[in-house]
Structure formats: structure tokens, C-alpha cells
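**Q** Letter by letter, the chains look like this.
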Amino acid sequence: MDIELITTLFRTSIRMATPILLASLGGALTYHAGIINVAMEGLMLISAFFSVVFSYLTGSAFYGIIAGVVASMLISLLYSVFVSFLKANNFAIGFAINILISSLTLFLMRVMFQGKNAFNSPDIASIMELKVKTGNYFLDNYLLNFSILTYLSIAIAFLLAYIIYKTSFGLRLRVCGEMPQALTAAGIKVGVIQLWASILCGGLCGLAGAQLSLYNVRMFSRDMTGGRGFVALAAILISGGKPKRVLFISLLFGLFDALSVKLQNEKIAPQFALMLPYIMSVVVLLLFHLKTRKQYGKA
Amino acid sequence: MIGTRTLSFRKLLLSLLLVLCILSVWALIIWFGGESPFKGFRYIIEGSLGNHYQFLSTLNKMVPLILAAAAVAVPAWTGMWNIGGEGQLLLGAFGAALVGFSIDFGVGLVNIVVALIVSAAFGMAWAAWPAFFKIKLRMDEVVTTLMGNYIAAQLIAYLINNPFRDPRSPLAQTPYIKSSFVIPYLFEGSQFSATFFVAIGMVLVLFIFRKRFITGYEFDITGSNPVFAGLSGIRVKKTKLLSMLIGGALAGLAGGLLVLGMTQRVMQSFSPGYGFTGLLICLLAFNDPLLIVGIAFLFSALQTGSVNLQLFTSVPAEISGVLQAVMVLFVAAFKTFIVGRREG
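Chains as they are written, first to last, in our numbering: chain F, 1 to 299; chain Z, 1001 to 1344.
Chain Z with its partners taken away, still in its complex shape:
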């Protein structure tokens, strides 16, 4: 008893040290950016949580981050690396926009559901070929999914420049989606919409799927010990393929929700790197769906807060990316001592 208690005391101490380390390095970075750290932290907190508009804005920015992180997490359960979230998200966004400006079923809800399904399908298709090559030919999925991002970015750039360009716009972008496809804002003066609840709902579904369904359990077994999984009758390759497809669909859905809930069209530089921020979130959350929500909230607050920081000081908003990545490295360093050494 005493042994476990002292052990947990040590863990607590290490965790505090970890938080202290992260905060002090963050302070250093803010100081390097040209602002006193305390003021910097205040601007970040005020800008993300200060009043209810900013709080809603932080919640709203969580939507693509949660789904992009889940798109990495689900394949990671079976031991697959999905680095292609960025490309899958772009294709999903385009899929939703394509449905949104070309078809109309007459009923708003049907429209939205169809557009979201198409966006998930587009994302899934973009994850399908790396997954297929991986299980058939053992082609490294890290390389193929990553190359997929660059290919998708150029493909979308082509599509919105040529065949699907809005003829009335001087910029390369698709036409606006029809108003019956738009997921309306819930509060005046804020872009917060029901998309947030869709993202949270997906996380809950994933959580229950992992804990309460046999397939979800098979995902975990395949990831932790593929040989044992194979011997106990799990079709390892099929499980891996399925996890990757689900991951692609989640990333595609993120793109679809962004189009229907916020941008209402696809334009150049649609994603400021949601896929990679999602990857960082997933790494910090150790692939756990519920932790993803917490970390996504923190990351989103850092992003909205950094915009506020740039508004009032000389520190550029790009600081949020540095703060996020530094946090991941520190947690990875301390994880060895707090949780113990473990593969994966």
C-alpha cells in the first residue's frame, strides 16, 4: 500500500514538474517574441476565454481539430499511421461543396446529411489507396499518406481553378453552397453552430465503439499485438483497412462540416494545417477519444488566444504552433518517467 502511494506521489510530482517545464518554455518563447510572458499569457487567456464570444469561437475552432485528431487516432488503434488527414480533409470539403452547389433535395436536413455523407466518402476514398497498398504490398503508409496530402492539395487547386471555379469570382474558389445546405449559426455574432455537437457526438460514438463493441476491441488487440490477434481469429488486414477507412471518413467529415458550417465554399489555402494539428493532438491524447476533446480545447484556446496576442502585441499568431509542438515534446519526454516505457 505504502509502495503504491509513494509511487503515485512521485508521479504527481513529476506531472507538476512537467507542467512547470512547459509553462516556463512557453514563457521563454513569448519573451523571445517580444512581450513579457505574464502579459502574453493574459492576452492568450483573455482572447480565448475572456467573454462568451471568444469562448464560442474557441469551441467552434475545436470542430476540425477534434475530427482531424480522431482521424489519426482510429488507425493508430490498429497500429496504422494516418498522416494524410490534411488531404482527406480537403477532399471531404470539396465533396460537401460539390453536393452543396450542384444538387438540391428540397429538404434542408436531407441536404445536409447527404453532403456530410459525401464528404466522409471522399475522405475515405483518399485514405483507401494508401491503406490498400499497405495491406496488399506492405507499402509504408507514412510515405503514401503524406504524399497524398501534396497530391490532394494540387488536385483541389486544379478543381477550384478550372472545372468548378465560381465564374463570378476573381479568386480561385468554388461557388457558394445553396442556402438549404448551410448549418446555421446558433448565436448572433458568433460562427458557433451545431457542427460542434456533431464532432462531440462522433467522439462519443468512437469511445463507445472502442469500449463496448467487439470490433473496437479487435482494433485494440490488432494494434497492441498483431500476431496474437491473427492467432485468435481476427482478420488483421481487414481490421487495419477498416480503421484507416474510418480515419479517412472522419477527416473528410471535418472538411464537410467546415464547408457547411463556416466557409460555405472551398477556396485556396482552405486548411491552415488542421491535419497536422490533429496529429499533434492525437499524440498528446495517446489516441484516447475523450482526451482528444480536452487537448483540442487547449489547442483551440491557444490558437484563438494567439490571434488576440498578435492583435495587441508584436508577437505573431504563429506562436501557437510552436507552443503546441513544444508541449508534445515535453509530454513525450516525461511520459517515459510517469507512465513507464512502453512500445507505441
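Excised from the complex, chain F in its bound form:
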């Protein structure tokens, strides 16, 4: 393997890992609050759509990101009201929301842009990269020119590790998932904690969607999230919602995405390359479960 290939793979992995990381950090919050969030797919998709629309209309990626985050937070709020206050089944509502957003974005795209299955334009402003020049060729090209959201996502991972395990909000969050009666007994409303976790999750999924549509590809296409919300869910289940582990697993899934991109140019049938990330997320989940079963066996 030559150095060029490794660096390309590395760069693509980081790029592809960022949305998965952001979404799974958001999902980790609701996971600790006792909600397995299956709506992340839809949250990312609605954000990807509105990020593109507002970036196109205003010419600024910043407003695009804001619009995406706000849209995602609103949908997440809706999800939380259903799940935490109306006590609807979280899977049922999650999938209803995913399907709603899948058809809603398609509908809006047809109405607003007469687009068929995708919308792209040179006027869509892309998310800026970190522009720091150190003079060191290696550093400048391989470590310091990712999307700003990439750096933000890594910072958020460490921030969340602190919040979840070291603050009173984090404590309430974890109690909310593990022993909600205790929270009720202490006079704290379980639904309110879950609501906050969901809103934060919406914000992070919003950033994830913006990264997808304003940096990774710079367009909106039908169902462009392609199951990443569920890859993120797999990452959460494997990591047990621990942010630093989430970081590691997301990078791994990013690597599989990068390999998939790379293999599409090779001699094998492209369908197998496209299949790879999904197969690998199942395989990693399987390995994790095999390992935990062994541990249970010993105990």
C-alpha cells in the first residue's frame, strides 16, 4: 500500500465519520434518558434538506446549518412530545417520522425546485474548512483541512463525556434511563429530562445532516442519509452510549464508508462496494454481541 492511498482513505474516513459521530452522540443522550431513538434518520434528512435550501437562498453555509439544526430540533421536539408525554411507542413514532420526512422532503423538493430526485446548484454554499497554515505540509494537508464541523464534533464528544458523567444534568439523564421512579420520587419530571435530551439530540442530528449535504456531497438527493441514522444507532448500542467509545466506533464506520467509496472504482461489482458499510455494521454489531455473550457465560 502506498502512502497516497492511506492518506486518501484516512481523509475520506474522517469526512464520512463526522455525520455518524454527530448523530450517534445525539442519540447517546436519548439512549441514556431511556429512549432508543430511531428517528435520527429522519432528523438528519430534514436537516440535510433545509441546510441545502437555506444555504442556496442565503448563499451562506452558516445560515444553512442553522436552518438545518432548527428544523431537526423542531421535529425532535415533536418526537419527544409523542414519546414522553403522549406515551406513544417510540419505534412506531420514530418510523412514522422517518417516513413522513422521506416523503415530505421529496414533496417539498418537487414543489419548490421542480427537482426530480435531487437538487443541486452552484449557489449552494459549502461548509468552510479550517484554514490554518502551519507550513508543515503533512499537517496542513492531512490534519488541518477538514470541515469545521469535524473539529466541533470531536470537541462535542469530549464535552458530552463530561456532561453525562460529571454534571447533575448528566446524573439525572442516566437515572432517567435506569430508574425513572427515583427521578419521580425526587420531584423531577422524567418527561422534561427526556424532552431536553431529545432537543439536544435534534440539534446534533441537525449538524450531522448539514455535514452530509453541505460538505460531503453539497446537494440534496432523495433519502440521501441512506440508513446512516441506523448505523449511528448501531454505534450507540455497541458503545453503550459512552461518548468516547462512540467516537471510536464512528471512526470505524467512517472507515467502512471510505472503503466503499474507494472500492467503487475497483474491478469488483459496484453493488458489493455499496453493500459494504451495511454488512460491516451488522458484522460489528454481531461481533459485539458474541463478545458480550461470552462475558455473560463466564460470569
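Calculated from the structure, these hints are not laboratory results.
Be careful, since some hints might not be right.
Said to hold, decoys possible - With a straight-line cut-off of 30 Å between C-alpha atoms, the simulated BS3-like cross-links for lysine-lysine are: (1) F:294 - Z:1011; (2) F:189 - F:166; (3) F:294 - Z:1237; (4) Z:1335 - F:189; (5) Z:1211 - F:87; (6) Z:1039 - F:116; (7) Z:1039 - Z:1136.
Position chain Z against the provided structure of chain F, taking the given hints into account.
**A** Relative to the frame of chain F, chain Z by itself:
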């Protein structure tokens, strides 16, 4: 007595309010699409029920929806989530096509039955591995069945591109099935065929299975209280596995019926999302087989009606998906007040 009567009056009022809410949000969406709501509703109703061709077309579109919904419902009885209907349907369709263009038993009916059994078996196989991982390793079946959809889509894309591509076709698609496999149309000018009665028949079988058979009862007990089910001697894991296999078979059958009754081959983008529409239908029908038929009729009418709407106005046909999903959310919101809070 008076208490129950006032209660049911309240329920009636809430149900009316629910219908009103759904209709007004639908009207808003149609208005946003660029058409006056009343005209929009008229085009949808005329396009789906206006004359007997359109009515037959609505009935015909129900076939995959009913079976895809049943594919979610049966596992849901035991507390399993089958989100993989889309993939199972694709594999079932391919199975039927594979039999249809490669084998011939000489008798039309035998051909059709064998092809349908193979399609159900293919769908079942695609549901088997997530179910197996779930009961053996407690691997979350939501994630695995969903990933299965993406894997199946690429697998089928590969199969119809390379090994089983029709050599005479410029597009990636399988050869046509032999004419002895085709389920004929019943009326001239309409694609309506006996597949509709197969779907209805399956629903009736499921209904009777659930209400009159011990295994069906065990499904319900396993879903509502697995601990109690285990204590009363039901083999919970086996029941869950079986429900998932039946679900996969139903989705596979949907694909098989589509191939034999309509498309006669498998091509790119074979399914416009039947699996997910089926999921929505099942959510609205609260897993009940007979309700599934009713909701499937409504959804199918929305779909054929929306095509008509697109024909005459600037509103895109994709509106049907939005209308359907909005309805699910409203019903979920009102369910708490009408039926009361319940798990599941």
C-alpha cells in the same frame, strides 16, 4: 350505564375531532402544493374511485400493501419489529422471477403455486437471519432488518445487472417470466387480477389463525407479556422466530404476486417503498388483519388519487406519502385519549 354512555360520547367526539384535524392538515398540504383543497380532494377521489377502471386500479394497488403490512403485523403480535419488509419483498420478487424464467412444469397452476412458494421462501430466508440473531444473541432486530433492506437492494441490483440480466434488454432487468406463469388480468384495460383474492385470502387466514388457533393465541400472549408466556409453557423464542418467518414469507409473497400478476420481471427500483408504506398501514391498523385491509384501501386510494392529482394540477404525486404519514401521527396522538394509555 350513564357513565359508559357519556364516555363513549366523548370518544365519538374525539374521533370526529381526529378526522377533522387530519382533513384540515391534508387540506393545508394540498394548498401548499399549489391547488385549492376542495378541488384537490375531488381529484383524489375521482382518480381513485371515479370509474370502475380507477376503482380496480385502487384494489390492485392494495395487494402489495396488504401483504407488506401483514409482514409487519404478524411479528408485532409477538413483540418483534420487522422493518425489513422492503428487502424481503425484493428477494421474494426475485425468487418468483427466477423460477418463472428458468423452470417449467407444464401446468400453469402448478407453475404459479411453485413460484409463489419460492417467493415466500426467499422472503422468509431474508427474515430468518435477523430473527435468529435476535433470539440467539439479543441483537436488535430493528437495526438488522433495516440494514437488510439496503443489503438486499444492492444484492438484487447486482443479480439483475450481471448473472440474471436479460441479454436482449438495454436495461438492467431479468428476462420475462414464461407465459404459463403469468396470473392473467381479469378485466380488459385493467391490471386487476386474482392476486387481489390471494392477498385477501391470506388476511382471512391470519385472522382465523390469530383468533381460533392455539399458536395464534400464543403469539398474542408472547407479545403482551413474554414473562407470563414463558411461565405458562410457551416457548417464547421459538414463537418469536416463527412470527418473524411468517412475516418474511408474507413480504416475499407480496413480491412474488407483483411479478406474476403485474411486472412479469424484476427491474431496477422494483419497489417504490411498499415495505415502508406497509409499516405505516400496520401502525394505523394496530396490527389487526381486518383493519389492515381497510387502511390499505384508504392508502391505495390516496396513491392512485394523487397520480390523478398530478395529472391535472401542479401538485406532485409524492403528496400521498406525506398525507399518509401525517395521518399516522395524528392517530397516534389521539389514540392516547381515545383508547387510553397502553404499552405497545
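**Q** For every hint, state whether the structure bears it out.
**A** A quick look at each hint next to the structure:
no.: 1; hint: F:294 - Z:1011; in the structure: violated (52 Å)
no.: 2; hint: F:189 - F:166; in the structure: holds (21 Å)
no.: 3; hint: F:294 - Z:1237; in the structure: holds (20 Å)
no.: 4; hint: Z:1335 - F:189; in the structure: holds (23 Å)
no.: 5; hint: Z:1211 - F:87; in the structure: holds (28 Å)
no.: 6; hint: Z:1039 - F:116; in the structure: holds (25 Å)
no.: 7; hint: Z:1039 - Z:1136; in the structure: violated (55 Å)
When held up to the earlier numbered hints, the structure conflicts with 1 and 7 and fits the remainder.
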